[in-house]
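S.K.: So the sequences go chain by chain: R and L.
So in my numbering, the last one in the first sequence is 243, and the numbering has no gaps at all.
So in my numbering, the last one in the second sequence is 221, and the numbering has no gaps at all.
Some hints here could point you the wrong way.
Unchecked claim - Which residues of chain L face chain R? A few of them, derived with a C-beta cut under 7 Å, are: (1) S155; (2) K157; (3) L165; (4) S218.
Unchecked claim - DEER-style ranges, computed between Cβ atoms: (5) R/A231 <-> L/L205: 40 to 46 Å; (6) R/T222 <-> L/L79: 37 to 43 Å; (7) L/L24 <-> R/R233: 39 to 45 Å; (8) L/L205 <-> R/Y229: 41 to 47 Å; (9) L/K2 <-> R/R235: 46 to 52 Å; (10) R/A231 <-> L/G13: 45 to 51 Å.
By construction, these hints were calculated from the structure, which means they are not laboratory data.
As the structure is a computational prediction, the values presented were derived from the model and not from experiment.
Glycine residues also receive a C-beta, built at the ideal position from the N, C-alpha and C atoms.
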Amino acid sequence: MISWLANPERFSRIFTPIRPYIGVAAALMFVWGLYLCFASPEDYQQGDTVRIMYMHVPAAWMAMAVYLIMGIASFFGLIWRHSLADVAAKAAAPIGAAFTALSLLTGSLWGRPMWGTWWEWDGRMTSVLVLFLFYIGYMALHAAIEDETRAAKSTAILAMIGLVNLPIIKFSVDWWNTLHQGASVIRADGPSIAPDMLWPLLVMALAFKLLFVWLWLVRIDTELMARRYRALRARLSFAEEGN
Amino acid sequence: MKAALALLKRDIGLSWSRGGGPILAVGFYLTLMAMIPLSLGPETQVLARVAPGLTWLSLALASLLSLERLFERDYEDGLFDILRGGKLPLEAIALIKCLAQWIGTGLILALLTPMVMIILGAPAEAAGLSLVAAVLGSLSFALIGGVGASLSLGSRKGGVLIALLVLPFYVPPVIFGAGLMQAYLTGAPITQALGLLGAYSLFALALCPIATGAALRSALN
Numbered sequence: 001m002i003s004w005l006a007n008p009e010r011f012s013r014i015f016t017p018i019r020p021y022i023g024v025a026a027a028l029m030f031v032w033g034l035y036l037c038f039a040s041p042e043d044y045q046q047g048d049t050v051r052i053m054y055m056h057v058p059a060a061w062m063a064m065a066v067y068l069i070m071g072i073a074s075f076f077g078l079i080w081r082h083s084l085a086d087v088a089a090k091a092a093a094p095i096g097a098a099f100t101a102l103s104l105l106t107g108s109l110w111g112r113p114m115w116g117t118w119w120e121w122d123g124r125m126t127s128v129l130v131l132f133l134f135y136i137g138y139m140a141l142h143a144a145i146e147d148e149t150r151a152a153k154s155t156a157i158l159a160m161i162g163l164v165n166l167p168i169i170k171f172s173v174d175w176w177n178t179l180h181q182g183a184s185v186i187r188a189d190g191p192s193i194a195p196d197m198l199w200p201l202l203v204m205a206l207a208f209k210l211l212f213v214w215l216w217l218v219r220i221d222t223e224l225m226a227r228r229y230r231a232l233r234a235r236l237s238f239a240e241e242g243n
Numbered sequence: 001m002k003a004a005l006a007l008l009k010r011d012i013g014l015s016w017s018r019g020g021g022p023i024l025a026v027g028f029y030l031t032l033m034a035m036i037p038l039s040l041g042p043e044t045q046v047l048a049r050v051a052p053g054l055t056w057l058s059l060a061l062a063s064l065l066s067l068e069r070l071f072e073r074d075y076e077d078g079l080f081d082i083l084r085g086g087k088l089p090l091e092a093i094a095l096i097k098c099l100a101q102w103i104g105t106g107l108i109l110a111l112l113t114p115m116v117m118i119i120l121g122a123p124a125e126a127a128g129l130s131l132v133a134a135v136l137g138s139l140s141f142a143l144i145g146g147v148g149a150s151l152s153l154g155s156r157k158g159g160v161l162i163a164l165l166v167l168p169f170y171v172p173p174v175i176f177g178a179g180l181m182q183a184y185l186t187g188a189p190i191t192q193a194l195g196l197l198g199a200y201s202l203f204a205l206a207l208c209p210i211a212t213g214a215a216l217r218s219a220l221n
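Please take these sequences and the hints and turn them into a complete structure.
M.R.: Printed below as a string of structure tokens:
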């Protein structure tokens, strides 16, 4: 299935027509999710500030999920040499970096009124900051190597090494019992947050996911077109030289 | 084995005779050390408090210095192509070169670490432990540095790029190493931090040569 889809032509043929629908679905989910955010009750302790969570938590989930996707795509690119996997990993990086920055930023805005500090060097925050640095390093390395195949390979190795950070982020709240609270949605004994607040959170999470998929597909397509353009230009200049 | 030893000897010898080598890193390390009291003020109390953390930070930064040239010259003058024809796999070559880097530079910096820490105000009893910790830490610095150096081979941004790639991976040993000294100085148990530091270095020893080998292979093709 994956090898079948790994043909860039086929990939574009299948996904380009459905892409606008994903974009529209993302927009609708955002409208619904934002409505729910403001319709949901205030928290008895946090007041209105709790609404920041409906941005913060999905962004943080996506920050990790996108890195995981990047790691898996890099794995496929490295092992099976699917050029589409390389493109997919490269295309995901800036989006993931943006989600990570968003989660750090919203967390900071929430932390100021709630914890009384913009930033605290606890395990969760530090490891997410390191995740952000990994994204930056990944993009910097990709930009620094001119040859596209080599850049893909080197960044794939880097992305896979960086995967060790994900479990550290996930379990940081359990290992270092510090300021950031533990998991309250994905737990063995069911979510521990009120349904009134769980709903907007889940809708927003879905909206973020759709937004990512849409942006990702756009970026993959752009990259594929850029490559086709480069290949055509190279062929053209080659033909001119021949004359 | 003979080839491995010969390569190790050659690399250590070259790092000493090429000028630079450990002298550059040592000079940088000591300069950083001298700048700490100049920037924070010379109060002994303050310095003793920050000595472990800043020593480890300086050690990590000094370990970065010579990474740029770890593989570059051999890559450019074609030595790797010759080595590939031999019996040693690229992973082993990567490991040997990183070990040479460790012995040639990292160990020298590690030897200086107790002195740096004491000058900054840590008690002399901490010397032994800080040496052990620095030896372990500098091993992981050299191995991880090898990954960064091999990944950025052939790009024109060498040094800064390596720092950007490698420093996030230097974070855990810096945390464990500085935490270990902090725990020792406050009388808290040290086994956990020492164990984590050792585990991290051993993991690096097992995994980094594989990644470095893969990156070298991609650079050579």
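S.K.: Each hint needs a verdict: does it hold in this structure or not?
M.R.: Okay, the hints, checked on the actual structure:
With a least beta-carbon distance of about 4 Å to chain R, the hint placing L/S155 at the interface is held under the 7 Å criterion. Look at L/K157: its Cβ gets to within about 5 Å of chain R, closer than 7 Å, so that hint holds up. A least Cβ separation of about 5 Å between L/L165 and chain R falls short of the 7 Å threshold, and the interface hint therefore holds. With a least beta-carbon distance of about 4 Å to chain R, the hint placing L/S218 at the interface is held under the 7 Å criterion.
Checking the proposed 40 to 46 Å range against R/A231 and L/L205 shows it holds: the Cβ atoms sit about 42 Å from each other. For the pair R/T222 and L/L79, the supplied restraint of 37 to 43 Å holds, since their beta-carbon distance comes to about 40 Å. Checking the proposed 39 to 45 Å range against L/L24 and R/R233 shows it holds: the Cβ atoms sit about 44 Å from each other. For the hinted restraint 41 to 47 Å between L/L205 and R/Y229, the CB-CB distance of approximately 45 Å keeps it satisfied.
The given range of 46 to 52 Å is respected by L/K2 and R/R235, whose C-beta atoms sit roughly 50 Å from each other. For the pair R/A231 and L/G13, the supplied restraint of 45 to 51 Å holds, since their beta-carbon distance comes to about 47 Å.
Of the hints listed earlier, there is not a single one the structure fails to meet.
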